[in-house]
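2 protein chains.
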Amino acid sequence: MKRAIGFIDSGVGGLTVVKEVLKQLPHEQIYYLGDTARCPYGPRDREEVHKFTWEMTNFLVERNIKMLVIACNTATAAALKDIRAKLDIPVIGVIQPGSRAALKASRNNKIGILGTIGTVQSMAYPAALKTLNRHVEVDSLACPKFVSIVESGEYKSAIAKKVVAESLLPLKSTKIDTLILGCTHYPLLKPLIENFMGEGVAVINSGEETASEVSALLDYHNLLDATEESVQHRFFTTGSVPIFRSIAADWLSMPEMEIEHIELGEGK
Amino acid sequence: MKRAIGFIDSGVGGLTVVKEVLKQLPHEQIYYLGDTARCPYGPRDREEVHKFTWEMTNFLVERNIKMLVIACNTATAAALKDIRAKLDIPVIGVIQPGSRAALKASRNNKIGILGTIGTVQSMAYPAALKTLNRHVEVDSLACPKFVSIVESGEYKSAIAKKVVAESLLPLKSTKIDTLILGCTHYPLLKPLIENFMGEGVAVINSGEETASEVSALLDYHNLLDATEESVQHRFFTTGSVPIFRSIAADWLSMPEMEIEHIELGEGK
Chain A
1 MKRAIGFIDS GVGGLTVVKE VLKQLPHEQI YYLGDTARCP YGPRDREEVH
51 KFTWEMTNFL VERNIKMLVI ACNTATAAAL KDIRAKLDIP VIGVIQPGSR
101 AALKASRNNK IGILGTIGTV QSMAYPAALK TLNRHVEVDS LACPKFVSIV
151 ESGEYKSAIA KKVVAESLLP LKSTKIDTLI LGCTHYPLLK PLIENFMGEG
201 VAVINSGEET ASEVSALLDY HNLLDATEES VQHRFFTTGS VPIFRSIAAD
251 WLSMPEMEIE HIELGEGK
Chain B
1001 MKRAIGFIDS GVGGLTVVKE VLKQLPHEQI YYLGDTARCP YGPRDREEVH
1051 KFTWEMTNFL VERNIKMLVI ACNTATAAAL KDIRAKLDIP VIGVIQPGSR
1101 AALKASRNNK IGILGTIGTV QSMAYPAALK TLNRHVEVDS LACPKFVSIV
1151 ESGEYKSAIA KKVVAESLLP LKSTKIDTLI LGCTHYPLLK PLIENFMGEG
1201 VAVINSGEET ASEVSALLDY HNLLDATEES VQHRFFTTGS VPIFRSIAAD
1251 WLSMPEMEIE HIELGEGK
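Residue numbers (my numbering), protein chains in the order written: chain A, 1 to 268; chain B, 1001 to 1268.
Treat the hints with care, since some could be wrong.
Unchecked claim - What follows is a list of derived Cβ distance ranges for each label pair: (1) B:1110 - A:195: 55 to 61 Å; (2) B:1050 - A:223: 54 to 60 Å; (3) A:195 - B:1063: 33 to 39 Å; (4) A:166 - B:1108: 56 to 62 Å; (5) A:195 - B:1050: 50 to 56 Å; (6) A:105 - B:1195: 55 to 61 Å; (7) B:1156 - A:58: 25 to 31 Å; (8) A:249 - B:1152: 53 to 59 Å; (9) A:199 - B:1198: 23 to 29 Å.
Hints in this document: simulated from the structure, not taken from any laboratory.
Quick reminder that beta carbons are idealized off the backbone N, C-alpha and C, glycines included.
Build the full structure now, drawing on both the sequences and the hints.
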């Protein structure tokens, strides 16, 4: 049986990364776990996020995944290093690919970052950007309302438009020419964010670059699999299956999806 | 002292990859070896290319490089697997990144490949493309005259224009929408190639995607280095230093370069 690539996220956000991986690697099998019941991770303290991220990781590792993508910026900031050091499969996060994509797009090396409170406080993006180019200037902004808007399915609504405009106002007076969507939920708000920021600012969804890294690392470890063996994607959520299904079906254009409710941690 | 990223090529072609790496990782140190005296590799048999590639590899490994980029498609096809298996530093080639970039660009999955005789005969590109997407259709074309035009510095001349037009004619009747420059020398001819193929065909220089893979793998192995320690790039050629310098200075916009003549193999 094909071994799957595992994806974990606090909810549906990581599906924005899955979408890009399926585009670049159409024959790979995906296992996805969204911890919707405990979403959002952003306001939680680092230790708790670290613990939750390990619970998700263990759930998928038990299902024999061949690679793990921590498709959540908050979880990447809290746990990537530790999980990478302890697992014997390749493990990647979304912060390094997002940083790489932003530096490729920027011409003035002034980069903005939108993230959850946890991601912004971790300073993981400024650190990652500076390991690539130490001359970069960074403006970070926490957008605590965005994840809930996406998880509730309201990401195309008038309320979403208003919240985006109010939240991003502080960035309008900066000189950034590139803006990282430093949370995998935010690409669902990308049209609204691009519209508000205007043409002078490139808005970066780290999904495409993360998918390239998945592809490169699978190749590096001889784990690519485009054989004709049948593929059966599986999606797991700790929250509501119908809500997960409606967002996932819309975003992935996948009419039939196998989605299972599971319990993690105390609720297990 | 900073450890360098090593690049090897049959001549100056790999500089097209170096250019992209310096853009994405401006503080990294580069060691580059071009085996100009034995260029072109394209018409040589696989065993000989394999031997020459190991000679270049050993020269740079002795200089304590932290990663090796086989920035030559012919050498990648002949020796990547073996070198990767035997060295304890990360080793990458240019065929997988080129394939990845092409599949990202293509809409109809009909992809053309230009390469040396050695690269085309190896079937390495069709194999790499099919490990990513088995539905891709491939048209390969050997362009044996291109490397010599580039190495002689004639890549902007009227002769170059004529040779490009004559060589690419067979591709005009295909349905490809994407064309991989499957030799690192060819990006110097890219303006002429794009002009001849017309707007409907995306021409892929694998340099940018290779640079992203360099960055991703250095991060994965904790080898990124953007510290302020001074950087001293070094370029080695088995051929003429002045000719190497004129092409490298033009292509890299690097006015002062440390270029050394060295001997490999029998001539050593």
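Quick rundown of the hints versus the structure:
1. Separation of residue 1110 (chain B) from residue 195 (chain A) is about 35 Å and departs from the stated range, judged on CB atoms against 55 to 61 Å.
2. For residue 1050 (chain B) and residue 223 (chain A), the hinted distance range of 54 to 60 Å is not satisfied, since their beta carbons lie about 25 Å from each other.
3. Between residue 195 (chain A) and residue 1063 (chain B) the CB atoms are about 51 Å apart, so this pair departs from the stated range of 33 to 39 Å.
4. Restraint check, residue 166 (chain A) to residue 1108 (chain B): a C-beta distance of roughly 43 Å breaks the suggested window 56 to 62 Å.
5. Checked against the hint of 50 to 56 Å, the C-beta distance between residue 195 (chain A) and residue 1050 (chain B) comes to roughly 54 Å, which is consistent with it.
6. Between residue 105 (chain A) and residue 1195 (chain B) the beta carbon distance is about 26 Å. The supplied range of 55 to 61 Å is therefore violated.
7. Between residue 1156 (chain B) and residue 58 (chain A) the C-beta distance comes to about 58 Å, which lies outside the given range of 25 to 31 Å.
8. Under the hint 53 to 59 Å, the C-beta atoms of residue 249 (chain A) and residue 1152 (chain B), about 58 Å apart, fit the expected range.
9. Checked against the hint of 23 to 29 Å, the C-beta distance between residue 199 (chain A) and residue 1198 (chain B) comes to roughly 28 Å, which is consistent with it.
Going down the numbered hints, you'll see the structure goes against 1, 2, 3, 4, 6 and 7, while the others check out.
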